[in-house]
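**Student:** Here are the chains, one letter per residue:
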Amino acid sequence: MPVSTDYPLISNLTVWQNVALIRQYHDRLSKKEARKRVQSYLERLDVGGSAEKRNPQLSAEERFKIMMLRASMIDDAIILVSDPFRMLPHHRNASFLYDVAIMLDDLYTQCHIFDYSSNQDRYRTNNAPQH
Amino acid sequence: MTGIVESIGGGAISAMSSFRSTIFAAAVTIFKAFNKEICNSASFSVLISQIYFTAVEILPMFIAISVLLGTLVMGILFQTIKEIGLDQHLGRILVGFAVTELSPFVTVLLLALRSSSAINTEIAVMKVNREIDTLTAFRIDADRYLFIPRIVNGMISLVLLNGLFSIILVTSGLIFSKLIFGMGLATYSQILAGSVHLSDSIILVAKCLTFGFFITLIPILSGLRATYDVTTIPVSVLHGMIRVFLAIILIEVLSLVARFI
Chain A
1 MPVSTDYPLI
11 SNLTVWQNVA
21 LIRQYHDRLS
31 KKEARKRVQS
41 YLERLDVGGS
51 AEKRNPQLSA
61 EERFKIMMLR
71 ASMIDDAIIL
81 VSDPFRMLPH
91 HRNASFLYDV
101 AIMLDDLYTQ
111 CHIFDYSSNQ
121 DRYRTNNAPQ
131 H
Chain B
132 MTGIVESIGG
142 GAISAMSSFR
152 STIFAAAVTI
162 FKAFNKEICN
172 SASFSVLISQ
182 IYFTAVEILP
192 MFIAISVLLG
202 TLVMGILFQT
212 IKEIGLDQHL
222 GRILVGFAVT
232 ELSPFVTVLL
242 LALRSSSAIN
252 TEIAVMKVNR
262 EIDTLTAFRI
272 DADRYLFIPR
282 IVNGMISLVL
292 LNGLFSIILV
302 TSGLIFSKLI
312 FGMGLATYSQ
322 ILAGSVHLSD
332 SIILVAKCLT
342 FGFFITLIPI
352 LSGLRATYDV
362 TTIPVSVLHG
372 MIRVFLAIIL
382 IEVLSLVARF
392 I
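Heads up: the protein sequence lines correspond to chains A and B, in order. Residues 1 to 131, numbered by the numbering used here, are exactly what the first sequence covers, in order. Residues 132 to 392, numbered by the numbering used here, are exactly what the second sequence covers, in order.
Source of the hints: derived by calculation from the structure; they are not laboratory data. It is possible that part of the hints are untrue.
To be verified - Below are the DSS-like pairs computed for lysine-lysine, each with C-alpha atoms no more than 30 Å apart in a straight line:
(1) 213(B) to 36(A)
(2) 167(B) to 32(A)
(3) 53(A) to 32(A)
(4) 31(A) to 53(A)
(5) 31(A) to 167(B)
(6) 213(B) to 309(B)
(7) 309(B) to 32(A)
(8) 36(A) to 53(A)
(9) 163(B) to 31(A)
None of these values were measured; they are calculated from a predicted model.
Could you put the whole structure together from the sequences, leaning on the hints where they help?
**Tutor:** Shown next, in the form of structure tokens:
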């Protein structure tokens with residue numbers, strides 16, 4: 001599942017609706033049940049207060065977290081993060097990206113990051129995973 | 132001369148192609164609407180919010196226009212009927228013209244002006260912002276999640292608002308029948324009841340459903356024709372609205388043919 005600026009959040013849906021949509025559509029969860037689950041995931045990512053916000057109201061970090069969470073909503077998801085520093089332009093290294101990936105690691109099976117080779121050094125951080 | 136013929140031929144081929152693709156899309160939409168995958172809480176939420184935007188938010192303006200137009204038309208209609216001595220055809224004129232023809236036509240025009248343009252713009256913006264691509268990437272069928280709820284909303288809203296307009300027309304008719312013909316409620320009801328035919332009612336409902344279907348389907352198709360360039364949004368809305376008005380005229384003509392053959 002993609003995490004990329006080419007696949008933005010749906011602008012006429014709130015944050016929780018963007019994430020819940022995947023489960024409501026594929027797993028036929030009721031709106032109430034989907035909302036409850038999404039809220040717990042948002043709180044895990046420390047963005048519980050942004051549940052009712054829409055895409056333009058989010059900071060780059062909040063948006064990235066929501067897009068990672070949305071990509072994790074498909075069962076046995078393989079997440080493909082493309083050009084993450086375009087979404088997180090103020091970050092010098094991938095530390096934040098790794099933190100978010102670790103917070104959600106029980107929700108997906110694999111996470112692959114694709115970036116330009118010129119950004120290679122930005123991925124050498126203390127919390128970088130082994131693989 | 133050759134250039135003119137080529138231009139006419141090109142226009143005709145383009146119009147036929149557009150007509151064919153609309154009919155094909157209509158068939159696909161109807162097929163998908165009866166698939167059980169449409170039943171999910173996300174699509175249902177879209178349907179409810181669309182009904183709110185289309186049929187509820189418009190109510191104050193719709194009722195004001197209906198009362199104004201309805202009173203005016205019924206006043207003129209009843210006065211004319213009295214002047215040319217067609218009193219015995221009052222019920223048939225009221226049902227056959229005001230309820231069956233005027234009411235759906237005014238309703239569809241108001242809904243097309245307000246909702247079709249909004250739907251066209253919304254879908255075009257979603258296309259330009261790559262939000263339609265997002266749905267595809269997450270294996271969400273845009274037809275089932277975005278488009279069919281909007282089309283079903285168009286059909287429901289048109290039938291309901293047409294009913295409301297008809298009630299306002301008939302109520303205005305009651306007032307003018309009292310003022311112009313000195314008619315009581317019992318006589319007026321009797322004339323109305325005697326003028327309603329089942330075939331007319333079926334054609335009226337079918338016409339409203341068809342209007343509702345096409346004034347939402349055509350803007351959706353037009354919105355999807357936008358590219359990833361922002362400047363294609365106004366072009367898409369322009370073409371979409373022209374097609375919507377052509378469709379309204381075509382459906383009106385076909386319903387008249389169906390009623391009078």
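**Student:** Indicate, hint by hint, whether the structure satisfies it.
**Tutor:** Comparing the hints with the structure gives:
no.: 1; hint: 213(B) to 36(A); in the structure: violated, 65 Å
no.: 2; hint: 167(B) to 32(A); in the structure: holds, 21 Å
no.: 3; hint: 53(A) to 32(A); in the structure: holds, 18 Å
no.: 4; hint: 31(A) to 53(A); in the structure: holds, 17 Å
no.: 5; hint: 31(A) to 167(B); in the structure: holds, 18 Å
no.: 6; hint: 213(B) to 309(B); in the structure: holds, 13 Å
no.: 7; hint: 309(B) to 32(A); in the structure: violated, 53 Å
no.: 8; hint: 36(A) to 53(A); in the structure: holds, 16 Å
no.: 9; hint: 163(B) to 31(A); in the structure: holds, 22 Å
Consistency note: the structure conflicts with the earlier hints numbered 1, 7.
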